[in-house]
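S.K.: The primary structure of each chain is shown beneath.
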Amino acid sequence: MKLVQRLLAGWTGFVLLFFYLPIAVLILFSFNESRLNIVWTGFTLDWYRSLWTDTVLVRALKNSLIVAVATTALSLLLGTTGAWLLYRYRYRAASLLETLAFLPMIVPEVILGVSLLILFVTIGLQLGYTTIVISHVTFCFPFVMAAVQARLAGLDPALEEAALDLGATPLQAFTKVLIPYLMPAIVSGGLMSFTLSLDELIVTYFTASAGTRTLPLEIFGRVKKGLDPSLNAISTVFIVFTVFALLATEVVRRRNP
Amino acid sequence: MQAQAAPAPAAAASQRQPGRAGWLLLAPLILWSFAFVVAPAALMLVYSFAHRGALGGVDFSLGLTLENFAGVFDPVYLQIVIRSIWYAAITTAICLAMGYPVAYLIGRASEKWRNALLMTVMVPFWTSFLIRTYAWVTILKSQGLLNSLAIQFGLITEPFEMLYTPGAVVLGLVYTFLPFMILPIYSSVEKLEGSLVEAALDLGAGPVRAFSRVIVPLTAPGIAAGVLLVFVPALGIYAVNDIMGGGRVDMIGNIIENQFKTARNWPFGAALGTTLLFAFAVIYWWVNRRARQVEGGGASVRPGIT
Amino acid sequence: MIRSMARSLVALAMALGLAGRVGAEELNLFAWSEYVPQTVLDGFTKETGIQVNYETYASNEEMLAKLVSGAASYDLIQPSEYVIEALVKENGLVPLDHAKLPNLKNIGKEYWDQPHDPELKYSVPYMQGTVGIVINTDKVKDPITGYGDVFQDKYKGRIVILDDSLEIVTWAMAMNGHGPDQVTKANLEQAKPILVKWLPLVKVYDSDSPKTALLNGDVDLGVVWSGEAAILIKEAPGKFKYVLPKEGAHMFIDNLAIPKGAPHVDAAHKFIDYILRPDVSRKISEEFPYTNPNIEARKLLTPEERANEASYPPGNPKLSTFRDIGPLAADVDKMVTDLKAKSGP
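Protein chains in written order, with this note's numbering: chain A, 1 to 257; chain B, 258 to 563; chain C, 564 to 908.
Bear in mind the hints are in silico, worked out from the structure with no lab data behind them.
In this text, a Cβ means the ideal position worked out from N, Cα and C, and glycines have one as well.
Warning: the hint list may mix true and false statements.
Derived lysine to any residue pairs resembling SDA-like cross-links, with alpha carbons at most 20 Å apart [to be verified]:
id, chain 1, residue 1, chain 2, residue 2
1, C, Lys719, B, Thr422
2, C, Lys719, B, Pro416
3, B, Lys369, A, Val187
4, C, Lys663, C, Gly633
5, A, Lys62, A, Phe238
6, B, Lys369, A, Phe238
7, C, Lys652, B, Leu312
8, C, Lys668, C, Met898
9, C, Lys760, C, Tyr685
10, C, Lys652, B, Gly328
11, C, Lys652, B, Gly310
12, B, Lys369, A, Thr242
13, A, Lys225, C, Leu604
14, A, Lys225, C, Ala621
15, A, Lys62, B, Trp383
16, B, Lys369, A, Ala9
17, C, Lys823, B, Val315
18, B, Lys369, A, Leu246
19, C, Lys717, B, Lys369
20, B, Lys369, A, Arg222
21, C, Lys719, B, Met419
22, C, Lys797, A, Arg222
23, C, Lys797, A, Trp40
24, C, Lys833, C, Pro658
25, B, Lys369, A, Tyr181
26, C, Lys748, B, Lys369
Not everything, but these chain C residues come out facing chain A in the computed CB check (under 8 Å) [unchecked claim]:
id, residue
27, Ala635
28, Leu764
29, Tyr875
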């Protein structure tokens, strides 16, 4: 089906173009002379230079990354085990539990933020990394759970049984058969968690402290004064760094098959 | 139309009764849900019966009231609820149409390409949402990229108003949510056995039938997950539509946010949130339960498998 | 050996004791984003050794939401005048000790007598501004003197206004001769038909960055914060004009105040006095071209800054501050939400 393949590739290319168009503009405008960053006025590298001294912004990026990584790890743990347990065992309250798990997706962020803040204040938990990560995990892990559940649907149970028959312990069956099988869903869910956490604003506003401000908080704070191109610059730096990291891992992977 | 090409119901047979281990392992999830989901939701519910506080917050000194819930069903807000559902539905449909082929291609790609392609899809969304959206403003505005190019190439003589329109809002929404449709569908496609697809084609089915009768049902769990992960969050959206629509396309998310801000009417915001939550919970729980019953208590609880 | 050990232990204890006190010398500042320049904060820390923890918010109500939820104890907040009024009513502020604020005398006379805090018992003005009309003179040639001139059919789809229901409603009320301190159900009803006529003419509602649509040329005129207009005037000299509506304009005053329960009241006073110094206040004006209530600081401004008509509107315009309208805020929000939805796409 060469034609189908070509059509699919063409369409994917178009969608990727769609995804990257504003990114191209974002990168272009990181060289914009105008502080207001609304209209292009000229080329400059000043904003990249300013990143050296803008410790606030760089620290915010660092905080965002710390939170996103921790959130993703916890969400993967909670979401994957939750999905698998609900698949494996016939709990009477299964539907109820699933509904509960997916509730944070529908609760408006401002309400989630306020209620979690009140909860933390009530139990005396100080605002900081912990509270931010808890709030992020709460609405991220449903994404992981949904992805893993979808992948589990249609899993041939014979697979696991075969492994057990062939002498594997239940743990081995889990790690050597199930996890590899679930990997695409885990990657899927993990990517969604990471992305959601990285750019989260409202809930973070309510659960962060002065020392744990994340990048979105910093960026949104600068709207009134004008989103100057240093924000574009830091985003560009991050993208470039990520792309390089990915390319590097690919190169390493292909060297060691 | 029911197409069951995969041995899905067999899963039901192997579901075990949870022993102590089963419940113990599930404990963290239950505890987390109770602490950080049920508690906030309960708080929200309680707040919906309160009076508004003078500085925001709530005031219980005057007792409880039902006026907040009465307010929810006011036509002023119902028109906005309907609009939100409409936009969320359109967004989901477009995301599905646009995203499925991409998910299919990535899922069927060779192993060495798959993860790289996924990353390529996600990387744009690791930039700040605000800057991305303002980039769209730069692209779509009257003196922006698209208009300038179109005028250059003589396609139009006057700038075409793309920004601050419902179309711009939909574009912004689709842009925001498309990856969350692609990713779940991808992992469903990935497990498709090439042989199955080939077999369908060999047995005389044209590509369209092979697609609709074989591939789509097999990837139904992924589709259902994608729809859930796009439609539900889209209902609560407030920022994209605010910027792309010029603040003229208020959705239920904006209304609720307003209650916690300028209106300083938390109980009403809580009532709106509770109603939204309740509606979702009931629908989801019922569909879920039905799916489970049809499967005979099977694992595949995604609507669409039935 | 024992002696040197004992000595180091004593030194350690002293250091810890001191550290305990130095560690307690912090200031929790909860203010508008980008309203307090980092240089000002650094200068304060250098002089006093007090570490400033700066948390930000983007609107008064956002601040109240976090404050009311019982979050971290803040030492300083930066509410607008009508919020000060509400906080005072609810006993939410610590009275200021004027003896600790010698620089308070730098604040202009007219600020000592405002309805929200006469005699400045609880708050100190930080920056003042207005809400007025900004015009792209390249596109709009007719004279614009008030709201009535802005909301004309010929400008349909070329107008940007703040996305603030209370603001919008007071402009309509001004057309009927009602001031912002006369928000009542009756006056709101009277203002409604005016809004029904006005809102379909609006292209963009934006409280965060109305300058964007104006600079992009997607709109030609609007009713925005004076700070936004000042930025536009600075960015594109000669292109934009700022006019205070003759029917009456909103003057807002952002203030520093100490919320009840603040752990570092003394440090808070020190910070306020520091801000009141002319040279420090002048630095703030440099970054944020609002109207500086500090008369001594104004003397230090450059001629260009003083000439910026958005920062320092000439003449004797009709200005009023907002009052706390309590539960009517919900009615206002509902009315504007409804009319917006009905007039929108």
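S.K.: Each hint should be assessed against the structure and marked as holding or not.
M.R.: Now the hints, each set against the structure:
no.	hint	result
1	C:Lys719 x B:Thr422	holds (15 Å)
2	C:Lys719 x B:Pro416	holds (17 Å)
3	B:Lys369 x A:Val187	holds (14 Å)
4	C:Lys663 x C:Gly633	violated (28 Å)
5	A:Lys62 x A:Phe238	holds (11 Å)
6	B:Lys369 x A:Phe238	violated (24 Å)
7	C:Lys652 x B:Leu312	holds (10 Å)
8	C:Lys668 x C:Met898	violated (43 Å)
9	C:Lys760 x C:Tyr685	violated (41 Å)
10	C:Lys652 x B:Gly328	violated (28 Å)
11	C:Lys652 x B:Gly310	holds (12 Å)
12	B:Lys369 x A:Thr242	holds (18 Å)
13	A:Lys225 x C:Leu604	holds (18 Å)
14	A:Lys225 x C:Ala621	holds (11 Å)
15	A:Lys62 x B:Trp383	holds (13 Å)
16	B:Lys369 x A:Ala9	holds (16 Å)
17	C:Lys823 x B:Val315	holds (18 Å)
18	B:Lys369 x A:Leu246	holds (13 Å)
19	C:Lys717 x B:Lys369	violated (60 Å)
20	B:Lys369 x A:Arg222	violated (41 Å)
21	C:Lys719 x B:Met419	holds (17 Å)
22	C:Lys797 x A:Arg222	holds (18 Å)
23	C:Lys797 x A:Trp40	holds (16 Å)
24	C:Lys833 x C:Pro658	holds (14 Å)
25	B:Lys369 x A:Tyr181	holds (16 Å)
26	C:Lys748 x B:Lys369	violated (67 Å)
27	Ala635	holds (6 Å)
28	Leu764	violated (23 Å)
29	Tyr875	violated (19 Å)
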